[in-house]
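Participant: Residue numbers (our numbering), protein chains in the order written: chain A, 1 to 122; chain B, 1 to 122; chain C, 1 to 122; chain D, 1 to 122; chain E, 1 to 122; chain F, 1 to 122; chain G, 1 to 122; chain H, 1 to 122; chain I, 1 to 122; chain J, 1 to 122.
Calculated directly from the structure, the hints in this document are not laboratory data. One should not assume that every hint holds.
Unchecked claim - From chain B, some residues computed to sit far from chain G (all C-beta separations above 10 Å):
#	residue
1	P2
2	F10
3	A15
4	L30
5	G35
6	A50
7	R86
8	T111
9	G113
10	I120
Claimed, not checked - With a straight-line cut-off of 27 Å between C-alpha atoms, the simulated DSS-like cross-links for lysine-lysine are:
#	chain 1	residue 1	chain 2	residue 2
11	B	K59	H	K33
12	D	K59	I	K33
13	I	K99	I	K33
14	H	K99	H	K59
15	C	K59	C	K99
16	H	K59	A	K99
17	J	K99	J	K59
18	G	K59	I	K99
19	D	K99	C	K33
From the three backbone atoms N, C-alpha and C, an ideal C-beta is built for every residue, glycine too.
Protein chains: 10
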Amino acid sequence: MPDPTILEFFPSPSATPFVIEHVHEEFTSLCPKTGHPDFGTITVRYEPGAQCVELKSLKLYFQSFRNEGIFYEAVTNTIRDQLAQRMSPRWMQVITDWKGRGGFRSRIVATHGSVPEAFIRA
Amino acid sequence: MPDPTILEFFPSPSATPFVIEHVHEEFTSLCPKTGHPDFGTITVRYEPGAQCVELKSLKLYFQSFRNEGIFYEAVTNTIRDQLAQRMSPRWMQVITDWKGRGGFRSRIVATHGSVPEAFIRA
Amino acid sequence: MPDPTILEFFPSPSATPFVIEHVHEEFTSLCPKTGHPDFGTITVRYEPGAQCVELKSLKLYFQSFRNEGIFYEAVTNTIRDQLAQRMSPRWMQVITDWKGRGGFRSRIVATHGSVPEAFIRA
Amino acid sequence: MPDPTILEFFPSPSATPFVIEHVHEEFTSLCPKTGHPDFGTITVRYEPGAQCVELKSLKLYFQSFRNEGIFYEAVTNTIRDQLAQRMSPRWMQVITDWKGRGGFRSRIVATHGSVPEAFIRA
Amino acid sequence: MPDPTILEFFPSPSATPFVIEHVHEEFTSLCPKTGHPDFGTITVRYEPGAQCVELKSLKLYFQSFRNEGIFYEAVTNTIRDQLAQRMSPRWMQVITDWKGRGGFRSRIVATHGSVPEAFIRA
Amino acid sequence: MPDPTILEFFPSPSATPFVIEHVHEEFTSLCPKTGHPDFGTITVRYEPGAQCVELKSLKLYFQSFRNEGIFYEAVTNTIRDQLAQRMSPRWMQVITDWKGRGGFRSRIVATHGSVPEAFIRA
Amino acid sequence: MPDPTILEFFPSPSATPFVIEHVHEEFTSLCPKTGHPDFGTITVRYEPGAQCVELKSLKLYFQSFRNEGIFYEAVTNTIRDQLAQRMSPRWMQVITDWKGRGGFRSRIVATHGSVPEAFIRA
Amino acid sequence: MPDPTILEFFPSPSATPFVIEHVHEEFTSLCPKTGHPDFGTITVRYEPGAQCVELKSLKLYFQSFRNEGIFYEAVTNTIRDQLAQRMSPRWMQVITDWKGRGGFRSRIVATHGSVPEAFIRA
Amino acid sequence: MPDPTILEFFPSPSATPFVIEHVHEEFTSLCPKTGHPDFGTITVRYEPGAQCVELKSLKLYFQSFRNEGIFYEAVTNTIRDQLAQRMSPRWMQVITDWKGRGGFRSRIVATHGSVPEAFIRA
Amino acid sequence: MPDPTILEFFPSPSATPFVIEHVHEEFTSLCPKTGHPDFGTITVRYEPGAQCVELKSLKLYFQSFRNEGIFYEAVTNTIRDQLAQRMSPRWMQVITDWKGRGGFRSRIVATHGSVPEAFIRA
């Protein structure tokens, strides 16, 4: 199971608000209906509160989905919820982009808190 | 005839608002005037209410237009109307992009409900 | 002379507002100063009122500029005026993009009515 | 010296507001410190008042910077000031994009008057 | 250590507000955990107050990070703070884009002062 | 069934050898196993003998595959055989490129006669 | 009618063999069947004998096809024949690339003399 | 373990030589040293003998590497050997392209039999 | 006048044959007929004999064409002749690519000595 | 100093000839004349003899150039010589591509042994 306890955090280096975006292009999980692998890109954008997520732990956390059967929408909302709960960002967006399956590309956008208009990725 | 009863739905996995976009690059129907095939990309963007559309059923629904004689504008409005009626999204956009015919590319954008400014695809 | 009577129209298929964009990449007219040909892309974006412009007639209308000596700005404003007068859209934008001449590319944007902020092409 | 008297103008062909953009990809001047050539792209965007700038004269005006020693910022502000003074646009933006020097690309954006939010190039 | 005293400034050539953007595509520092090199692109956007930063000195300042062990977030906030303190811009954004490490690309956006909505890079 | 009698030909306009390539980006047929549509690009390259294929008839011939259940390899070899038989080119290549299905893209290359080394598309 | 007497030539500046390629992206003629305009790119590659074609005269020659009804193959072979006859190159290739019509792109390659293997454009 | 018995074959539909290329962009295995996932694109090009590989079985065969610890070079040679043994192509190339790891991209090219010069992918 | 005495050379660092290519994207000279500036990219490819050209001196040499009125063909042959004479490469190619003038792009390729087939840029 | 003893090797996994290409996009060294950093991409292509180079050791070897003052040509020939000596490939190419300095991009190609025509990168 995806395991949020893998995630590590470090104190934000600045009290002045700033924005962090990590784009992971090597996400893979399994389709719960067919068992076939899904491939996606996960983007995490946030304005840190007291803490920032450590990059290597984020990678291991994403790798823990490798053999999970889980839908696109659930991946996106799970990541949003687990990251938000662990590090309490001022705001956060999790955007997942999925490679073509049956002629479709899909994007799911989940939001935590109030994203300033100019920073929304739609 | 395009058959909306093909469409299947599943309960939205999150009460927190989020956005779903499906892009289908393999849409084809027939021009009602000439009988020649039209080729387009269909984008469906929406914020789910209680339900989300299931991807494979959406594909079959789109395939049911394959031998229909129907104009660009009617394709777009039909999909918007049938999807909106079946799943009652908080808002939805259907955007169709059509390959060149006679030196023209065309895009049709149909909207259901009130799309937040930052999420409008224009 | 460009002849707007070539244009044909059909009733809008939906009372719900929607947006139509036609991009014509094969426009050519003549420079009135030098007689050399100009090449451009014409984009027509609009929210239909009661009527939509028929695509083949729009193509023939654009072809009627082929041997006209006319400036970029006049092409743009003429198309905007003649289309707006004939089909009374709720709003319309005509955008012309001209290939390089003397190291320049040019774009002219003419507007009819009040375009919603999110739909402006600038 | 850059010579604004080269510039020629013609009456705006429409009383209805519209926007003109000219992009010149072949601008070159000299760095006043090193004497080495600089290469840039100059974009002029404006809503005409009574007059529009004639394209060939704009080209000659830009060519008059060829052997001038002048900084990026001064090129941009000079063009903005001289064009604005000569043709009194309702608003204008001059944007200069400079090729890499020492691993840098640079962009300077100078504005005249009040540019509508949707038309700002940033 | 990164040395802000390397930075040189020149008086802004115009009292009319304008915007300057410098993009440096050859930034490198060291990861403080692994010692491996990081590679990034640094974008500095600002509206000058009384002074502008001189480009060659900015290059030398960026080169002074070459053998520093420093995190992405600290690079970004350090540059923002040191530049803002030295030249008091009306507003400034520092945006850093980092090449893939472990399948990730990252972007950090730090802001000084109040950036007009239309000029925010997100 | 794909019907080669649709094809029309016209006499080659030159006795000097030359090469013709037609690329059709709107080919669609059905997968004989699943019934799902396949989408591909068909390239026909040849050096004409006495005759050239007429473009509109080639389009109608390709459209006659629309509702056929037929594999990629059979599409390619059928087109090669039927075209070669009808117009006796000096040499011909038929190249089919198929959109992704299950994470795969495919290309099939069938040849008729002896293609000069420099003209082979591989 | 396309008029090869428009073409002007100048003596080749070097006795050492070299290659010249001119790519004209603004060619237009008319389809002799439908009367609709065709748009193409014409590439002329050659190794000069005693003479080179002057660029402005080549442009005027190409413009003389503007209102001619003529097929792709005939355009290509006509240009090859008229240029070869007028300037006797050591070898020459004329390559025409035509924009999409009915879902097709087309390329015609006509050759004069013996093109060295490494210089063939296929 | 990668299991070549999953592979299925069908008789080649033509006695005339032709070439088949399948590109799979969703290959993943594990690094045997670190346990981290590798991501690659596998290209199989071949001229069939009596048999062709069935696409869905090829996909399942590739998926059987998902949780294998195996080096790039071994993946490539294993696929070449197992495919060549099972279907005896006239010639075959297996090309693997691997996403960046530590700032590297890698390509491995393994060949079976004698590939005609013009068909080699290098 | 272009001044080849500006060019400096350094001894080739290896007796084993190797190839050097320098691409200069900021070349400008003047059209001798119209006086308007031309802009091009100059590529110099060669296998050194005893000497290599020093990069900064090559830049200054290219800058010495800035205010020369000289045709494309003459620029190319002059650079080939002056470089070949000064450094006696085993072989050399000079390739010039010129930006659009009147809807044309042009490339001139001049060769010195015998270029191995695989190294020819055509 | 660049230290070839860092390099590690592993036995080639196949007696059948095959080709390996590693592309490192994060190479940096120092210009020996100016002390400014150079940035390049290093491509190593080879057919292994008994041994293959281990990827992580190759990365550390490349990182050992970070603070070396060394010319492009010397980097290329040094890597070719040290790799060839340590692992005795059947053939090898080292290709270095250098980012723009003073408006130039450069490529150096050094070869060891006899590269089959079809595998040469030029």
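Participant: If a hint holds in the structure, say so; if it doesn't, say that too.
Facilitator: A quick look at each hint next to the structure:
1. Chain G leaves B:P2 outside its interface by the beta-carbon criterion, the shortest separation being 23 Å against a cut-off of 10 Å.
2. With a least CB separation of 37 Å from chain G, B:F10 remains clear of the 10 Å interface cut-off, as annotated.
3. For B:A15, the shortest C-beta to C-beta distance to chain G comes to about 46 Å, beyond the 10 Å cut-off, and the non-interface label holds.
4. With a cut of 10 Å on Cβ distances, B:L30 stays outside the contact zone with chain G, its closest approach being about 14 Å.
5. For B:G35, the non-interface assignment is confirmed: its Cβ lies about 13 Å from the closest Cβ of chain G, beyond the 10 Å cut-off.
6. The Cβ of B:A50 lies farther than 10 Å from every Cβ of chain G, with a closest approach of about 42 Å, so its non-interface assignment holds.
7. The claim that B:R86 lies off the interface holds: its Cβ sits roughly 33 Å from the closest Cβ of chain G, which is beyond the 10 Å cut-off.
8. No beta-carbon of chain G is positioned within 10 Å of the beta-carbon of B:T111; the least distance is around 30 Å.
9. A cut-off of 10 Å between C-beta atoms confirms that B:G113 is not in contact with chain G; the least separation is 36 Å.
10. Annotated as non-interface, B:I120 keeps its C-beta farther than 10 Å from every C-beta of chain G; the closest such distance is 30 Å.
11. For the given pair, B:K59 sits about 41 Å from H:K33 by alpha-carbon distance, which is inconsistent with the 27 Å threshold.
12. Between D:K59 and I:K33 the CA atoms are separated by roughly 17 Å; this keeps the pair inside 27 Å, and the hint holds.
13. At roughly 17 Å between alpha-carbon atoms, I:K99 and I:K33 fall within 27 Å of each other, so this suggested pair holds.
14. About 19 Å separates the Cα atoms of H:K99 and H:K59, which keeps this hinted pair within 27 Å; it holds.
15. Of the pairs offered as hints, the one joining C:K59 and C:K99 holds, with about 19 Å between alpha carbons and a cut-off of 27 Å not exceeded.
16. Between H:K59 and A:K99 the CA atoms are separated by roughly 16 Å; this keeps the pair inside 27 Å, and the hint holds.
17. As the CA atoms of J:K99 and J:K59 are separated by approximately 19 Å, the hinted pair is consistent with the 27 Å bound.
18. Note on G:K59 and I:K99: the hinted pairing holds, with a Cα-Cα distance of about 15 Å set against a maximum of 27 Å.
19. Simply put, D:K99 and C:K33 have alpha-carbon atoms about 33 Å apart, too far for the 27 Å limit, and the pair is violated.
Figure legend: structure checked against the earlier numbered hints; hints not met, in rising order: 11, 19.
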